[in-house]
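The listed protein sequences correspond, in order, to chains A and B.
Read left to right, the first sequence gives residues 5 to 193 (the numbering used here).
Read left to right, the second sequence gives residues 5 to 587 (the numbering used here).
Don't take each hint at face value.
Distance ranges between label pairs, derived from CB positions [as the list claims (entries may be wrong)]:
1. D104/A / D254/B: 20 to 26 Å
2. N485/B / N119/A: 55 to 61 Å
3. E142/A / H93/B: 55 to 61 Å
In silico DSS-like links for lysine-lysine, alpha-carbon gap of 27 Å or less [unchecked claim]:
4. K88/A / K119/B
5. K115/A / K335/B
6. K201/B / K176/A
7. K139/B / K119/B
8. K178/B / K88/A
9. K178/B / K83/A
10. K156/A / K315/B
11. K156/A / K264/B
12. K315/B / K89/A
13. K335/B / K89/A
14. K88/A / K201/B
15. K118/A / K315/B
16. K156/A / K178/B
17. K262/B / K156/A
Reference listing, derived: stretches of chain B covered by chain A, where coverage requires no fewer than 3 residues with Cβ under 8 Å from a Cβ of chain A [as the list claims (entries may be wrong)]:
18. 82-88
19. 162-173
20. 303-309
21. 343-356
22. 411-420
No lab work stands behind these hints: they were computed from the structure.
All C-beta atoms, glycine included, are put in the ideal place defined by N, C-alpha and C.
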Amino acid sequence: MEKGSAVFENRDLNLKATELRLGLPGTDEDSGNQSSSSSQVKSNKRSSSEMDGSELQQSGAPVSKAQVVGWPPVRSYRKNILEKKKSESDGSGFVKVSMDGAPYLRKIDLKLYKNYLDLLKALENMFKCTIGTYSEREGYNGSECAPTYEDKDGDWMLVGDVPWEMFITSCKRLRIMKGSEAKGLACCL
Amino acid sequence: MCLFRDMMSYFPEEVLEHVFDFLTSHRDRNAVSLVCKSWYSLERFSREKVFIGNCYAVNPERLIARFPRVRSLTLKGKPHFADFNLVPHDWGGDVYPWIEAMTKNGINLEELRLKRMLVSDESLELLAKSFPNFKSLVLVSCEGFTTDGLAAIASNCRFLRELDLQENEVDDRKGHWLSCFPDSCTSLVSLNFACLKGEVNVAALERLVARCHNLRSLRVNHAVPLEALQKILVKAPQINDLGTGSFVHDPDSETSKKMKNTLENCKSVRSLSGFLDVNPHCLPAVYPICTDLTSLNLSYAPGIYSNELIKLICHCKKLERLWILDTIGDKGLGAVASTCKELQELRVFPSDLYGADNAAAVTEEGLVSISAGCPKLNSLLYFCQQMTNAALITVAKNCPNFIRFRLCTLNPVIPDAVTNLPLDEGFGAIVQSCKGLKRLSVSGRLTDQVFLYIGMYAEQLEMLSIAFAGDSDKGMLYVLNGCKKLKKLEIRDSPFGNAALLSDMGKYETMRSLWMSSCEVTYGACKTLAEKMPTLNVEIINEGEDQVEASSSPDARHRVEKMYLYRTLVGPRRDAPDFVWTL
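So that you can see chain B by itself, here it is in the shape it has in the complex (with noise of 0.2 Å):
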């Protein structure tokens, strides 16, 4: 150790800092960080990149103390039930006190990317007059902008590379966004707007992509037409992520021909999305990009039946990943198992969120078969109709393999569809099989039995959701006694309360978050635990039925409806809405 540190001392800060460049991930740096003070000094001069999971573990200020070199910010805000309905509106999570704070400090901001935050049009017209050099924009699963917003953002950011929309709740104003981008913007290389519902100027997309020759990625709205989307790949053939809006014509026009033309001269495309409104007859059209495709989300296309989906995929031998809608059956995904050897990710989603008997559904069979054909899989997002222990006792065999394993079952307490047992040693036989697994999601019928496997055997887990399962408390004191990695935990419907949630209260300053709705637990209980741990903010959502008088001092014994309570460095939050009580 002396002599480590005598050899530090002899390395220049110069070099040091070359050394950290080719430290790309926050958990490098982070650890980097902790060596030694001068170590920490160095890097937090020097890094770029930072990510913040939960924005309300630091602040605004905090972020610019310790970093004021930073170009890109990633911010996520609400709790990932928020996605499912579970949070209000207006729970939280404005990104404008971010960007406010960092233009008053002359912050050279080049990147942002939020996720799950409140995002105004004040907050994108503030960011795109104040950052001469932003390049990137990224927003998953936000709400609060309209296409003013957006239109602010095209006229002001002269070096925009990256303006990219996923499942945003936009209100649109039907105005003209897309033809403020001004004629000397030639610098777009990715543009999603795929989850805009309005109208778009379809004449000034044809010529914004024609002028901007490094355009890499075009994901475009419902609102483009075939034609019109045939006529600007023919000025952008270097594409290599194509998303499609309405692919609807007949199939033996002339624009169906001229788009197999098109497309065939796009040899670059690896990745196509969209099929926002599709007619199955243009399919074949895109069959000559499918031999490289290694990309493939066809889970907005309603209305293609199994046959249909067979066909493309036979098509795609290269795929890596696809998102598909459970019409594909387990045919489908036999077929799927048979044609994508090297199929990493599959993300099957339902097509009917009512559970009408879809006899369309997919079942452990279609799993099966994809875990014996596709040996390289190792992200998965499955709804399905029904499961067996059996059939995920072999899944784990054939694919130790996973990262990622989310299941969901239609009905979120059905047993084995065989022996009417709950899928216990199922999900057992996944964690002790898949020693990388770090994100699960469980369903079905569960006993406090899986909760013992995933203590015991889920070591590199980070990331857990539990819906409608456990018997007692044990599930949960399983879970947070025996994954020493966990993170995140997501937790609602279960009979887990105080003796779970008051059992290792240091626990939590190891984890980003914990998330309890309809369990058991107390005001009393939280209550305790906010007093205990100063470093937590214990969040209690008040509402509807369940409303407290806010004269009132709730009952102890009341139980909770949504708690939500995370590790923080800068106390309770100044911007709770009153429904929300930081205890």
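Chain A extracted, bound-state conformation (with noise of 0.2 Å):
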């Protein structure tokens, strides 16, 4: 069936073609293929561009990857338990940062830092603090700021102590202690 083919030749672009993408209908160059595919956005259901304007607002960023019906086939329990946790994770990245005695806090996106060596050094930066090298029998012993974070079960944890994978997920705000209660915690360990 040749004329059913054709509609398929370029199925490489069908997923393309279901881009949300910025321009007015009528510039995509595949808008004149009526596939019956329910992946297709069919492009005269997008009025306006001023539509498209608000779609960037609201993403920050153009949606790469079409979101194709069904695809991947996974069942709808499991889709929902893993979209439930990834709304539970707070996608961006951002935490509040306080340090003891100053006057206001700050913010900053996990998600910029490589390791723990960039984070420690942009904190450091910030608050123009030292904290010193991390060691796992002493902490920051020694040094007069000592970074904590509160996890996910609300615990008070040393920044460090875990892979910084699982510490950018766990992490829900920072707080830099200074001074004796610092060293406090150094005494401790």
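Put the two chains together into one complex; each comes in its own frame, and the hints tell you how they fit.
What follows is the structure, encoded as structure tokens:
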């Protein structure tokens, strides 16, 4: 069936055609393609450039992969659980950082850092303090500041104990302890 | 043959019945009932377990007429693609008429197993009150009921042994269904409520477990915290299948230590699942039971990274079944391959559905390691970022024993990651090597060639799932002509049309069902098929943008968005909603 296959000869582009793209309808070269695929976004439904603009503002970044209905084939039950877990973890990565004695808090995006070294350097710069180096046995012993964070369970933990990936998903906020309290923490370790 | 007939008449019926007792598989029983009239008659009165793979292929009246002594019924409703939101919720598959008919006809129902069916609270209440010997309820991927229905089951089924709820959408009324088990209920062997979203009365659960000395399987939901689970397990050290709920606690706390000790005492645990919420630091508490574990399901456990998983799996040398998320990575699969030499079934699920270039996803490398390390592997479900023909060819060589092979590339049309060619040769190697293959799902960039291979080599294939594949009708024709044992064929978004659909209409009588959505079949062809084959129900699901006015007769050339056809003994179903047309 030649007619049938013609619709699909550019099947690789079908996903591209379902991309949410900026631009007025009709400018898309595939817009003439009348595929009955349920994954197609019919271009005549996207009515105004206003809508395109607001899409960009809302998402912050253009959607790069199409979301085909029912793909990947995962049961709705499982999908719902994954989506719930995702929304709970708040993808933005921004956490509040407080430092003892500072008049106001700051906010940083943990996703911008590759590892603990990066993060600690950034904190040192931001708050003009010395945190020093981490050791498993003594924490940040000797330094005037100790970085701590509140994890998902609500406990205050010393930054550096867990693997980096685990840290960025479980860190809810940061607090840089100063002075005697910081040293006190070191003494307990 | 004459001698055979004479011999058969020597055996009194009781003897034949006794022989039939040893036939447990429904296929064997079906075969036996076709031998002759007297065997048919004998068999039907002695059959206690009936399996109905498509609830619309027969009806309750015929079931009861043929098998009046039925005690255990298995029913499946919606087509498989309903799992992926391709079928509207109110499509059908209501169990109520079945329960009602059995009640009216005095059937002594003891066991009911339902998959993808609509189950209302009324159905559950009727079930609970009508069958005094009811023992086992298993609901998989069902919907339509609430915890009130479960309360009815708990209150009324005095001899309940099994209540197994798997991945159902249950409206949680936050009632006290668990407390409805009377104090006199001591018969529970299996209780699985992991899919329930609401709170449960933990004290009631503890008391229930304490008095059910035969309890072998317990799977709790996320609302049961670690402390509660620990106390419960103290009362059930004989358990062999455990589904934890929330596994979060401070690993240095008393509770965590108690948990470890309690688990050390549960020497019969062979199957472990749950971890619906988990603090990876708590995982070492389960190490004591890992040594004898044969089945492990961590596929709902988020945020356990490769290293933690590896540490855990290194303890599980006897594992036969593993369900996991792709956060395990290729490296983690390598560890599985070195440790789990007894592995038979592996399922790797995606942790990120939107494929955001997930570095943690698995690739062909992980699969190749597994195939090399686990020679007993026979069942696979693998969601991966990419695949290559070379890898599939290697896997086929390493593991010729696949019975189920389901590969799902996150990008449905991705070609070979190295050569950019279609994955035809890879899947071709799988079907050629795995002579016992019964179920296959293909994905990635595929041409008609892969279907040529499937038709040629997949002689035992019973179920085939196709998505975004093929170039022309030839593809579908290769499959229909070649796969003699095909029972279920489901196709979406592929360029197969009328010529393929209509080439061998009789074939569909040998199959349970055919699903085609977003293909090239037209209304006219479906109508032709329906007219020529009265033993098939050809249903069109007419919804969404594609919707045609009920009054107007659609153009024969109008492409059909969703078609589902199945063989049936009872003609068009009477409960079809407005948007389902039986042609």
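Verification of the supplied hints:
The hint said 20 to 26 Å for the Cβ distance between D104/A and D254/B, and at roughly 25 Å that hint holds. For N485/B and N119/A, the Cβ-Cβ distance of about 58 Å falls inside the hinted range of 55 to 61 Å, so the restraint holds. Against the hinted window of 55 to 61 Å, the Cβ-Cβ separation of E142/A and H93/B comes to about 59 Å, which satisfies the hint. Straight-line distance between C-alpha atoms of K88/A and K119/B comes to about 25 Å, which keeps the hinted pair within the 27 Å bound.
Of the pairs offered as hints, the one joining K115/A and K335/B holds, with about 24 Å between alpha carbons and a cut-off of 27 Å not exceeded. A C-alpha spacing of about 25 Å is found between K201/B and K176/A, which places the hinted pair at or below 27 Å, so the restraint holds. Distance hint between K139/B and K119/B is fulfilled; the C-alpha atoms sit about 18 Å from each other, no more than 27 Å. For the given pair, K178/B sits about 20 Å from K88/A by alpha-carbon distance, which is consistent with the 27 Å threshold.
For the hint linking K178/B to K83/A, the alpha-carbon distance of about 23 Å falls within 27 Å, and the restraint holds. Restraint check for K156/A and K315/B: satisfied, since their Cα atoms lie roughly 23 Å apart, inside the 27 Å limit. For the hint linking K156/A to K264/B, the alpha-carbon distance of about 23 Å falls within 27 Å, and the restraint holds. At roughly 23 Å between alpha-carbon atoms, K315/B and K89/A fall within 27 Å of each other, so this suggested pair holds.
For the given pair, K335/B sits about 24 Å from K89/A by alpha-carbon distance, which is consistent with the 27 Å threshold. Restraint check for K88/A and K201/B: the C-alpha separation of about 12 Å stays at or below 27 Å, so the hint holds. The straight-line distance between the Cα atoms of K118/A and K315/B is roughly 24 Å, inside the 27 Å bound, and the hint therefore holds. A C-alpha spacing of about 26 Å is found between K156/A and K178/B, which places the hinted pair at or below 27 Å, so the restraint holds.
Restraint check for K262/B and K156/A: the C-alpha separation of about 23 Å stays at or below 27 Å, so the hint holds. Chain A is given as covering the region 82-88 of chain B, and this holds because 3 residues of the stretch bring a CB closer than 8 Å to a CB of that chain, at least three being needed. Interface restraint, the region 162-173 of chain B with chain A: holds (3 residues with C-beta to C-beta distance below 8 Å; minimum three). Given a C-beta distance limit of less than 8 Å, the hint that chain A covers the region 303-309 of chain B holds, as 5 residues qualify and 3 suffice.
Evaluation of the coverage hint for the region 343-356 of chain B: fulfilled, as 4 residues show C-beta separations to chain A shorter than 8 Å, against a requirement of three. By the rule of at least three residues with a Cβ nearer than 8 Å to a Cβ of chain A, the coverage given for the region 411-420 of chain B holds, with 5 such residues.
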